[in-house]
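Trainee: Chains as they are written, first to last, in our numbering: chain A, 1 to 125; chain B, 1 to 384; chain C, 1 to 496.
FYI, nobody ran anything at the bench for these hints, they're computed from the structure.
Hints are not guaranteed to be accurate.
[Stated by the list, open to error] No more than 30 Å apart at the CA atoms, straight line, and that leaves these computed lysine-lysine pairs for BS3-like:
#1 C:LYS167 - A:LYS119
#2 A:LYS123 - B:LYS67
#3 B:LYS67 - A:LYS58
#4 A:LYS31 - B:LYS321
#5 B:LYS67 - B:LYS146
None of these values were measured; they are calculated from a predicted model.
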Amino acid sequence: MDAFHAILLYVVVLIGFAATNLILTHLLGPKKKTAVKQMPYESGMDPVGDARQPFDVKFYLVAILFLVFDVELLYLYPWAVSAYAPDGGLPPEIRSTVFGVMLVFMSTLAIAYVYAWRKGVFKWR
Amino acid sequence: MELLKNPLIMAGVTIAVVLGGILGACSYLIWLERKLSAWMQDRLGPNRVGPMGLLQPIADGGKFLLKEDVIPDHVNKFLYLMAPCLSLITTMLAFAVVPFGPVSHAPGDFPFVIAPGIDLGIVFVFAVGSLAVYAIILGGWASNNKYSALGSLRASAQVVSYEIPLGMSVVGIALLNHTMSVEKILMYQAEQGFAGWNVWYQPVAALIFFTAALAESNRLPFDLTECEQELVGGFHTEYSAMKFAMFFLGEYTHVITISFLTSVLFFGGWHFPVIAEVGSPWFLKVGVLLLKVLLIIVLIQMLRWTIPRFRFDQLMGLAWKVLIPMATLNVVIVMCVLEFELPRFWLLPLSAGLFATVGLISTQGSLPQRSLTAAPTAAHGHGH
Amino acid sequence: MNIVLSAIRNAVDLILPEVALLATVCMIFLAAPFLVSERGEAAPGLRHRWGWLSLIGLSVAAYLWSISEIQPVGLGPFRLDGLAWFIRGLSLASGLILVLVNWNQAEDARAGETQACLLAIIAGVNLVAAANDIVGLFVALELISIPTYIFLLMPRRDALAQESMLKYFMLSIFSSATLLFGMSYLYGLTGTTHLEGIYASLQAGQSQPMPLLVTIAAVMMIAGLAFRLTAVPFHFYAPDVFQGAPNSVAAMLSFIPKVAGFVALYRVLAVTIPSGDWSMLSLSTPLLWWLAVLTMFVGNLLALLQNDVRRMLAFSSVSHAGYMLVGFVVGDAGTKAISGYDALLFYLSVYGAMTIGTFATLAALSTSSRRVSAISDLDGLSQTRPVIAIALTFFLLSLMGMPFTAGFVGKLNLFLVAWNSGGDAGQWLAIWLAVNAAIGAWYYLRLIREMYLSDPVTEVGQEQQPAVMVAIGLCTLATMGLFMMPEWLWQAIQKV
Numbered sequence: 001m002d003a004f005h006a007i008l009l010y011v012v013v014l015i016g017f018a019a020t021n022l023i024l025t026h027l028l029g030p031k032k033k034t035a036v037k038q039m040p041y042e043s044g045m046d047p048v049g050d051a052r053q054p055f056d057v058k059f060y061l062v063a064i065l066f067l068v069f070d071v072e073l074l075y076l077y078p079w080a081v082s083a084y085a086p087d088g089g090l091p092p093e094i095r096s097t098v099f100g101v102m103l104v105f106m107s108t109l110a111i112a113y114v115y116a117w118r119k120g121v122f123k124w125r
Numbered sequence: 001m002e003l004l005k006n007p008l009i010m011a012g013v014t015i016a017v018v019l020g021g022i023l024g025a026c027s028y029l030i031w032l033e034r035k036l037s038a039w040m041q042d043r044l045g046p047n048r049v050g051p052m053g054l055l056q057p058i059a060d061g062g063k064f065l066l067k068e069d070v071i072p073d074h075v076n077k078f079l080y081l082m083a084p085c086l087s088l089i090t091t092m093l094a095f096a097v098v099p100f101g102p103v104s105h106a107p108g109d110f111p112f113v114i115a116p117g118i119d120l121g122i123v124f125v126f127a128v129g130s131l132a133v134y135a136i137i138l139g140g141w142a143s144n145n146k147y148s149a150l151g152s153l154r155a156s157a158q159v160v161s162y163e164i165p166l167g168m169s170v171v172g173i174a175l176l177n178h179t180m181s182v183e184k185i186l187m188y189q190a191e192q193g194f195a196g197w198n199v200w201y202q203p204v205a206a207l208i209f210f211t212a213a214l215a216e217s218n219r220l221p222f223d224l225t226e227c228e229q230e231l232v233g234g235f236h237t238e239y240s241a242m243k244f245a246m247f248f249l250g251e252y253t254h255v256i257t258i259s260f261l262t263s264v265l266f267f268g269g270w271h272f273p274v275i276a277e278v279g280s281p282w283f284l285k286v287g288v289l290l291l292k293v294l295l296i297i298v299l300i301q302m303l304r305w306t307i308p309r310f311r312f313d314q315l316m317g318l319a320w321k322v323l324i325p326m327a328t329l330n331v332v333i334v335m336c337v338l339e340f341e342l343p344r345f346w347l348l349p350l351s352a353g354l355f356a357t358v359g360l361i362s363t364q365g366s367l368p369q370r371s372l373t374a375a376p377t378a379a380h381g382h383g384h
Numbered sequence: 001m002n003i004v005l006s007a008i009r010n011a012v013d014l015i016l017p018e019v020a021l022l023a024t025v026c027m028i029f030l031a032a033p034f035l036v037s038e039r040g041e042a043a044p045g046l047r048h049r050w051g052w053l054s055l056i057g058l059s060v061a062a063y064l065w066s067i068s069e070i071q072p073v074g075l076g077p078f079r080l081d082g083l084a085w086f087i088r089g090l091s092l093a094s095g096l097i098l099v100l101v102n103w104n105q106a107e108d109a110r111a112g113e114t115q116a117c118l119l120a121i122i123a124g125v126n127l128v129a130a131a132n133d134i135v136g137l138f139v140a141l142e143l144i145s146i147p148t149y150i151f152l153l154m155p156r157r158d159a160l161a162q163e164s165m166l167k168y169f170m171l172s173i174f175s176s177a178t179l180l181f182g183m184s185y186l187y188g189l190t191g192t193t194h195l196e197g198i199y200a201s202l203q204a205g206q207s208q209p210m211p212l213l214v215t216i217a218a219v220m221m222i223a224g225l226a227f228r229l230t231a232v233p234f235h236f237y238a239p240d241v242f243q244g245a246p247n248s249v250a251a252m253l254s255f256i257p258k259v260a261g262f263v264a265l266y267r268v269l270a271v272t273i274p275s276g277d278w279s280m281l282s283l284s285t286p287l288l289w290w291l292a293v294l295t296m297f298v299g300n301l302l303a304l305l306q307n308d309v310r311r312m313l314a315f316s317s318v319s320h321a322g323y324m325l326v327g328f329v330v331g332d333a334g335t336k337a338i339s340g341y342d343a344l345l346f347y348l349s350v351y352g353a354m355t356i357g358t359f360a361t362l363a364a365l366s367t368s369s370r371r372v373s374a375i376s377d378l379d380g381l382s383q384t385r386p387v388i389a390i391a392l393t394f395f396l397l398s399l400m401g402m403p404f405t406a407g408f409v410g411k412l413n414l415f416l417v418a419w420n421s422g423g424d425a426g427q428w429l430a431i432w433l434a435v436n437a438a439i440g441a442w443y444y445l446r447l448i449r450e451m452y453l454s455d456p457v458t459e460v461g462q463e464q465q466p467a468v469m470v471a472i473g474l475c476t477l478a479t480m481g482l483f484m485m486p487e488w489l490w491q492a493i494q495k496v
């Protein structure tokens, strides 16, 4: 557990560092507010329209697909670490079963991947 | 030095060393990048401030601190201020498990890693690195600027898409080395000598890891989201002075972290055949590791001006259509080799075969489109 | 250790029918996008291919089921006891009929995915019955839910379907979360997720110092599963979802989640050997008693007020869930010959035939552009489509519990087990059952009256859809057959 105490200390130090930076610039710099500086930047033009537009659904689809594959990764990590370890690892009776199960798992995901590809989710036009 | 035996004090000393090192290194890496880019583009880089421009980073740092801190009226203040902090904090936090020397767990020894003994290792790096997406999204959203919002959405889609090949390439390493802990992977390679470097057994994974990590940190050739020509500044349009500097510090810290990770996970870390073996003194090991990291960073910087920038759909196509199948097949290959207990050097020709196959398929163009089976009734072909 | 390892190694042998079904699902999902063009057009008649493929998959699964034998429960992830065997048969039979009903519901470009979703749902029901672990139970329940969301939207992508899918999705995920919360308390109480381990440690009195935890676990799990059963405080989605859903989906929704819900409830409430006063079932019996009574009354009373055919049928399915809960509440008690659970299983089988048949007739009447919605759409059906009118009448009479139909036998059994279960609670339950059957008669008779005694008002679809007619025929056969020769079903139930 000492390792995580070190990380906690690190987080605290980092938050302090970032906050100090922000406060320092706020205090140290001059403050001259002009109207032009406060406007949103659109290459010198006056901004037209609101920035909060609804965004395209393809971003949402990418996020959901990322979620699916990331969870697959999470399932792969514990198996990868423990499956073929020389000292522990899986008992030899179920090694082939686990091999088959992992192949089926990854092939199910491959089917989902092919389906998504064919349905045009990866097309980013 | 009884005080140093306390692990927390030791951690504090390591943190101070790391923070100082990274911040100093970031500044001088910026100088190095500017000089390198200049030489590659046949011009001189910074050469005014100090000899060969070596004091330029100090001048830049001073400018960032002393410049006016503009917070535009239309922004969402809390999120606007939090985004650069989040970028800096998450990328530096990822460095907590990366060893920069020979790791030792004995109390009183300098551990060369901020958090020794974490078995999670790489998963920690990915978990914390995934939080960096928040910084991009919040930065663009809070700025309340059309270009920033668009840029941040695209940047977040890019980062999120490349996290999967990044994670998958590590699964092969985990299968071979039975651990996720970065220090243990390093020791495993060091104990096996030169032939034990993971890059000989997982060259495809090394390539995928490097590419995906480059894309994650929005470096060229993947920096469409922050390039000048298209979206002004992308998600950091509305940021100036120190907040902008914090975004860039975050990006450079990410580059340093992935260079460290690449050299530790794939290229044997501090190990080198004759100079730095397991029993060598610590300064040789640290020197070798830092030299490897420097070489990789110089490679990354040279890549910036060598390869043209990817278009956004090419970028996403690369992640989803090329890297993910390659990484998955790599995992399947390692799984089969380990299951059927083939000797390990089989991995090298199999990986080369995989790379060649994927390369052939992707360079031959896409698969031919299937026409409808009811073709006789369609008379308008591919019209719109 | 070796027993566990060999159980894991042989686990797949216990779920071969589901493997066949899921292999068919994978095949369909792999092939479907390649046979549909990028713009979403497909060759006409493609849906027949998917329908035949689904039927082949179901028959392979049915064959594998018929050669499987009931085995003693082990320590593996799956169990093949009597209940699993029976539910498998029931779900495969209803899956066959549902595939037929679903044949023409979706257009060609989307037919493959809808049939595949249906097969996945059937596999999910089988896995719920075969699960030996509460985590496996939850995953199987989700295997039913998630294809249901897709299945609700895919055949018809209009606004009504979107609304029904969204409502079902929102409430379903909340109920799954509640169920998982209750299951986590069960795990915390006993330290294991394996059903056999949970039963053993609960029986050994492990939870005795903390009856509050048992209460919370039981209440949460009942709350999570009552959504599927459309039991009363959780039934609010039913009318809207049924109204917007396509007919085959409504047929599926009115039956399959109930099967899964009852099986999951049975497994999870540690009913195999309740011992001592603190068994989960004795804590939850009063709660379930009230749920049963309220469900029956709310379902019947609100159905009286409806003017839309599907909303009325939704409330009628709510009331039938109440009848089935009566059987569940009675539990192991009952007459000497049959227990409450036996009556419940019989009523489930009969109800499946009746309700799927009802929605199948609605599917036969609907065209792709116009659906049967208001009750007045059914006016004069006896003149425009007499065969379907007779079938629908038969199903409605059976739902009502009229003598000479299987529904009557089912209700009679439930009444008898409730009356004989001993104690006032059971007898009151039986009385409320009879009262509700009488109330229910009113709206079923109203539908029959519309069909026979009114003149046709609106145009009713005249297309011949052979698949649906086969489905209707099968359901009629089942309903009549289960009245005249119920013995083979009773024999199957006694194996449980």
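Trainee: Hint numbers the structure violates, sorted upward?
Mentor: Hints 2, 3 and 4 contradicted; others consistent.
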